[in-house]
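Sequences listed follow chains C and E, in order.
Take the first sequence: its position 65, counted from the start at 1, is 65 in full-length UniProt numbering, and no numbers get skipped.
Take the second sequence: its position 609, counted from the start at 1, is 609 in full-length UniProt numbering, and no numbers get skipped.
Honestly, I wouldn't trust all of these hints.
[What the hints assert, rightly or not] Straight-line Cα separation of at most 20 Å, DMTMM-like style, residue types lysine to aspartate or glutamate; simulated pairs: (1) E:298 with C:92; (2) C:43 with E:410; (3) C:45 with E:445; (4) C:133 with C:144.
[What the hints assert, rightly or not] Derived coverage of chain E by chain C (criterion: at least 3 residues anywhere in the stretch with Cβ under 8 Å from a Cβ of chain C; other residues may be distant): (5) 79–89; (6) 252–259; (7) 409–418; (8) 959–972.
Hints are computed from structural coordinates only; laboratory data are not their basis.
Built from N, CA and C at the ideal position, the CB exists for glycine as well.
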Amino acid sequence: MMQFMLLFSRQGKLRLQKWYVAHPDKVKKKITRELITTILSRKPKMCSFLEWKDLKVVYKRYASLYFCCAIEQNDNELLTLEIIHRYVELLDKYFGSVCELDIIFNFEKAYFILDELLLGGEIQGTSKKNVLKAIAAQDLLQEEETPQGFFEDHGLG
Amino acid sequence: MPAVRGDGMRGLAVFISDIRNCKSKEAEIKRINKELANIRSKFKGDKTLDGYQKKKYVCKLLFIFLLGHDIDFGHMEAVNLLSSNKYSEKQIGYLFISVLVNTNSDLIKLIIQSIKNDLASRNPIHVNLAMQCIANIGSKEMAEAFGYDIPKLLVSGDTMDVVKQSAALCLLRLFRTSQEIIPSGEWTSRIVHLLNDQHLGVVTAAASLIDALVKRNPDEYKGCISLAVSRLSRIVTASYTDLQDYTYYFVPAPWLSVKLLRLLQNYTPPDDPGVRGRLNECLETILNKAQEPPKSKKVQHSNAKNAVLFEAISLIIHNDRCIKLQDPRISLEHNFQNQNFPSVRGRKIREPQLLVRACNQLGQFLSNRETNLRYLALESMCSLATSELSHEAVKKHQEVVILSMKMEKDVSVRQQAVDLLYAMCDKSNAEEIVQEMLNYLETADYSIREEMVLKVAILAEKYATDYTWYVDVILNLIRIAGDYVSEEVWYRVIQIVINRDDVQGYAAKTVFEALQAPACHENMVKVGGYILGEFGNLIAGDQRSAPIVQFQLLHSKYHLCSPMTRALLLSTYVKFVNLFPEVKSVVQDVFRQHSNLRSADAELQQRASEYLQLSIIASTDVLATVLEEMPSFPERESSILAVLKKKKPGRVPENEIRASAAASANASTNHQNDHSTSGSAPAAAASVTNNSMSADLLGLSTPSAPSNTGVLVDVLGDIYGGSPSANAASTQQNNYNPKKFVCKNNGVLFENDLIQIGVKCEFRQNLGRLALFYGNKTSFPLQNFSATIQSPSDWVNKLNIQVKPVDMLLEAGAQIQQMVNAECVDDYTDTPTMNVTFLYNNVPQKLKMKLPLTINKFFEPTEMNGESFFARWKNLGGSISNPQKSQKIFRAAQPMDLVATRTKVLGFGMQLLDGIDPNPDNFVCAGIIHTRTHQIGCLLRLEPNKQAQMYRLTVRSSKESVSQEVCELLADQF
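Isolated chain E, as found in the complex (with noise of 0.2 Å):
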């Protein structure tokens, strides 16, 4: 037993030697309880104890608490301690109340007297005692019966350093919990020359404090920054003895140092020129000293430099950025190659400057031999990543950075470079990243693959150029990773290759492909039965992955998945029976297996006897529309971000030069949302099919193209208003396609850096309605926000538009929705254009867009048989000028993809009619306009010739400029 210093309570030291000398943990416990009983029954037992046995049983205690038991008892001991004239005691008293005593206990009320009591002593070391228990508890309790006592220490005159420091920091604690305790008025400038003060050990304080007190009110505090500049100047300036123990290992005042750098960087840059500079050059001597041979070899001189350097780039990159939003033109009017730097009025801008030498002084810590280094380093650069100076210059650092990530003894480390590398990607060297994070994903630690999943999927989408690059990078990412491959990731690839019609083909190869593989995770299987379950058909032609093939390698693995899988390589297989008639019966054999028929699971069961029926009445027509090819998703913010940002709580996303706050404040719902619709694609479909069947069974059938009719749009509907500000995710940045919108309703209609503003509508008859979605994608409010029609007398006689009003606000983030309504009058030409205004930083933006309000909005379309079609269009077309025919001839723009054609003519409004024209290529339509007076009947002939990679479109309508525009809309689609 070793001696024990002080006042030793012998009785605690044998209880501690007791306990360690325990051969078992049966026996502490055993030994534990007769302790605990012991103390029971002297604080129950009638002789009073004396203070000093008090105080020894309170100690054995805490002791036995902090051993891990719960302890019940002994609170009122401990607080008559509290008033003991002894020190020792007072001392055991308050140190069992700090660390026994939860903030609501009703204990507090008890002591708050006795606190009181030695917050009045003349003793300085009781004020503390008692200030150190406040700050321990800092309930509000504490904050109420201290809130004037405390900062009325502070910036008394009377009051000893060592009392005016802990003051300090007891204040701010209370200041956290409750934050009305800081009176303000005169105060102010009290505490804030609190940074003047000749002690140090009170500056410290009281700047730790005031750095809280700022990011409240920071105009109200504005005076602190020159303090702080000049104080700082002093810091750096000081050679390490004069100040003598405030230097710590030759490093002078490196936790004030800190502090001050800290409090700054919740301001922009001084904005008086003389505290501007002298700042800069406080920051040019810290970054020089950086390159000074060290004063001593001891890790705790380097770490504290260190330290002060991290911050002081950290406060470089944060003018940094407040320069350019400031002034935008700087960062554009110079980079990295040409170091001719701005000036104002004659001096030079040196922030720049120091931007670079940041960056450089990271760089050369990227390869220090200390650990702490690196990694701090890694993640530095993560922020300077993510402005648009810097981002250049740390790139040249990739090569490293990848090096990190592979060679790097610890895991946490590598996991720096990974985020590192995901900041400091974009389109230049997405491929490069993505292909290095693959090769490592073979290896990588478990712990940090799931998050590099989602990182690679990410970055895939996001820098796409060409999607088949993108779908090889989700299946190599599965076939790598594919436990670590969640939901969000494998929903995400089936919404873009169904949203994109280039890379459907490519995508049913390449699964086709992966499937061959003798042993392919399940993830695989659910992805390439949903492909070939919608685009098989581009792949049947060719005999090695004919209908029957495809079919026999998916089946091939249906044994060997999960009922989930299964229940949706069901949903593939019925959608087989429509594309391919040949393997019907095949099959037709597999839903009636006993298994399936029979299954135990109820979805299993329920979807192999629909969709047994479904394919045994249904006639081909009705199949055809049942089991249509899904719709297009509305285009809105991959999910996976969302995941992401989830599990990385305290990081801010770091591919994102203007954080998406949108995101983060959908990212539940987001994420629910996705579960509901993506997870159950296949059983939407089913749910579909279910309304069909019994509508088609009771003969009231009337096929109608789905995105008119909105049953599809209702199914998916509601994710759409969750979210549909996109951006990361988007396929397009900065988009603005108007004509897309012609032959679709829904999707992201205008997209720049600032916002994006989605649209729903739907139409019905003469009468449609748009929803407008405004996301404000920046982190700042975008004000007098409006958004008009442009010339609307022009549109009077042709469409009825009412705009709703939206709220002049935008806030960071947040997204708005406008709704629309129109009306169509008369048959018109052309859209109107909307007028969007705001403001940004107080600069005036303006956009202009197309509503999606084109006369074909207006069609419903019309079923009729070859008979009366023909003679419908033998009339429309039958004198001999032609005055009602429209008719174009025209090049393809886009490769002739009749499956992506047949698509867009669908879109289009009008009934598109099988079997009517001999040649099956040939695409006839017909439907009718609705306007307010009447009804404009409409047909359509497309013919689509390959050798010539050309179109012919005929329109024939009972009105000639109907026709005319008619033609003009969809020929542009091609």
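Bound conformation, chain C alone (with noise of 0.2 Å):
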């Protein structure tokens, strides 16, 4: 089982966090402070894999932006590897050629799409299509809304 995922950038920037497991805020900030310096240290080239306290470490850079998930020892680590790679995949297709900036403006939609790709930390939806087809049954649903931010934002709600 994941235990948690977490995106950061080069910079050190947390830009995402799921826990799967819960823990008091003052730890998910230890371990989140931990792990990027950790990473980060690390050069390109090396192995995708570490171990950390009682788990396995996967992570994998796309771009300036770091993927890092925490499994459990009877985890798969190359499959791990290949579950950040389709949450990527996701995120391009949804946005068109994803970049940081798309994941820190639309922050819930990288949240929307995560949580269709993992459920409590096991992975859910192993199809791409049916992952896609879900999040544009979702968004269908927020269309058929009315667009009433537009005029509030506007200052004539």
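Each chain sits in its own coordinate frame; assemble them with the hints.
Rendered as structure tokens:
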């Protein structure tokens, strides 16, 4: 089972965090800090797996973003790399050539997509088509709602 | 600002841009505080906010939280959003709760109703949203509230596939918090049959769920085996186009394949020959595919394919292990050189062949271009190396692995190589591997040095056939990586040197040489100080290491050392006073030095002043007793292993074919005990010093052999209780040598792969008490355990023995204690035998061992002067026929080392009388054997003849049979 997933930039800024086990905020912050430092200090071409406490950490860099997952001893490292890749593919498809800024400005979407891919720390949507279908259905529901916000934001509400 | 998709919240985007444009951290915080104040006033304001505004502000709060700030309000607004009839608002409400709400929050009660409503919705999107939230929080309350709904969704016929798939995972999450949520009975088969579902997404999710359920109750879910095998078989034989979107980069359903292979690792290989055959075919197919040319150059293709391959190898290793446990003959009947595999009912067993292929496959990966694959191959090989059969096959790759340790660019890969070398090490390659690890240690990364030091120390100890090699290795460790040598490591080398008299002279010589280096590590000074203090006399004959030279060498380091080391050295110095009277005055000068006698450090001050007084007041006899050589340490598991296990909590101890659970169970106590004893071993000596000294001043001293009075035994006693269950560390594997217990009372009485039996005993006059410690070294319980005296009737008139019953069950890794009381009724020969029987894996085991209850245990040492000794000696040997005398002349079976001989004579239980025999090399002793009815006085003389390598032993006592038995017992020791 995956314990958590972190997305952070080359500068060490956290962009997304998803926890599948409960920890107090303090502990989460500490873990995040430690892992970001460890991973950023590693050179490119190094192996994507780390032993970390009693967990295995799997990470991969895509452009300016690092994707990092902590999994348990029984979990498969190589497939975790492919979960990351699948997530990147989904983001890419959704945003159309995704970049770090997309994830910053649409962090909630990044969460919604992740929730379709993983549930409770286990892979849910191994079919890309089905995940995209689910996301599209969500968007469709939204579009049916009145775009009330447009007026509000322009002081016309 | 990039375009925002969907119903973008402009206000949010503006805020995010503002934050990004902040030039400094302070500006950012200012902007955030402004926003927080704004949101707070909006939420508190009189004007009711509409859904959109609530959504927008909640989203802003989320963003602020993600920036690393604490958020302590907005929860109620988020809860309100849950019941919005607009999906986008509901979704943000759920997101906020998933990200921000802790499991124990009061809010959970408030949201349960909203979740219930969504769960009952006819729109699958709403249902899934609710389940994502349940899974995210996954608390006990959630399990209680939805323990009924979720299983129903999972197996109900009219649930849509997408919902079913989420329900399986949601249920899994709740099951992890609260096991009772899963209903049993008819549900079991319905859940298991999800593996047959048409929808691969449902099957994948169900496989995860079933894996967890099986772990709790394997028998109930046994039905999943054949379903999993047939599903797997369909996938591996499918072409990549068959599974459409479930094919990932030309690999059919990799996630599902891996999960099924994992699931099967919860069971032994299928009993049904058909299913088992099909499974082996699948595994063969996967291995075959590994050899095919890749269908794509993309790394995704190779990763997915190899993920399945590694999981298959893992299953092959697992199955192989199970088969061997069921039928150990298989591993004996064949090996890698001889590929004639045994057959069952005419059919070839394919598992061993699979194992060979798996091992070769991993071997190929060791030199793969991809770092990730090399890493994983090293990791998988670790588990192969712990299987006896494949161990040899892994060893073929030793050179490559050593190269990996030296040449890999990535420290985590090098670390894996070190782990594998540790796992594949055995008697045959230990010297080479240890040497390579030592060489590498000089340049090794700081992050792995400490662990490497532990590993080298463990291997050196475990596989030492020649303990001079062990001493060399540890001293090299200190030289190369002194800073990383923890206390456990140097305590251990001292324990071993003290316990093994064959290495003491060599150790003294080697530390003496090592200390001559101009700069030497403080740990070297500690070890050197301790060893020279105990065994410096063994090298004092050489002018180059004369007592004064030893002293000066140690003292030249004194001022560079920490107080703890200085304290240890002070103990060494006072031991020198005893060993070498000629350095007494120099040592006393050091004690008198202002910096010691008035040291700001209380410990140093106390030692200096007490040792000084001791050296002034005490007679040589008293000094010799007080500052006697340290007694042997009870044999037990090396605490180093415990430290290593602590460092790597997630990993099984690799160099242990049968994991020693006992060790990890006792790890923490072990560690502590070690600290208190070994760490203060000199201090222990000091406390003994204090006792004896005060006793002597009162004139009540009855100097006695420490092994019998138990002063030192008591000091060390509690460590023994801590863990006599040794194994990796114990100097002899599979050992049983009752002879060695004639001259000692504590230690490992018997040991093999399954069990270790330690003993600790005490004697007072004609009474004795033994504590036997049975340690289960396996990872299985030992059943029907019993330990009784063999033919007790034979002993009735000689020894009155009471054996306390023991538990019938000895849990895996556990240890139990059995007490035995003995009373010597009359003199006797030989010693009682204990029968130990138990079932291991339903195979009955029977052990016999002699108890350490030889007649000499009931000796009371007797002090006497020369005059009375000779008077009695003549008396006992008076008559012409010499009926009470027994004499033996025999050749030395072991090298003649007078120090070692002395230790044994002392341990024998009689009083060693110095200065009575005109020849100082001879040993003269006196003692009384206590029986219930009478006492038998006994005198002894042992004359070593070094030229002839012979001993002459004469025993005189008031009873002939006793003389003979005592003579037999002791003569066997040299």
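Hints, verified against the model:
Taking the CA atoms of residue 298 of chain E and residue 92 of chain C, the gap is near 18 Å; set against the 20 Å cutoff, the hint holds. The straight-line distance between the Cα atoms of residue 43 of chain C and residue 410 of chain E is roughly 8 Å, inside the 20 Å bound, and the hint therefore holds. Restraint check for residue 45 of chain C and residue 445 of chain E: the C-alpha separation of about 18 Å stays at or below 20 Å, so the hint holds. Proposed proximity of residue 133 of chain C and residue 144 of chain C is supported: the alpha carbons are some 17 Å apart, at most 20 Å.
Counting residues of the region 79–89 of chain E whose CB lies closer than 8 Å to any CB of chain C gives 3, so the stated coverage by that chain holds, three being the minimum. Residue count for the region 252–259 of chain E with a Cβ under 8 Å from a Cβ of chain C: 5. That meets the three needed, and the coverage hint holds. Counting residues of the region 409–418 of chain E whose CB falls under 8 Å from any CB of chain C gives 5; the rule of at least 3 is met. Coverage of the region 959–972 of chain E by chain C is violated [criterion: at least 3 residues with CB-CB distance below 8 Å; count 0].
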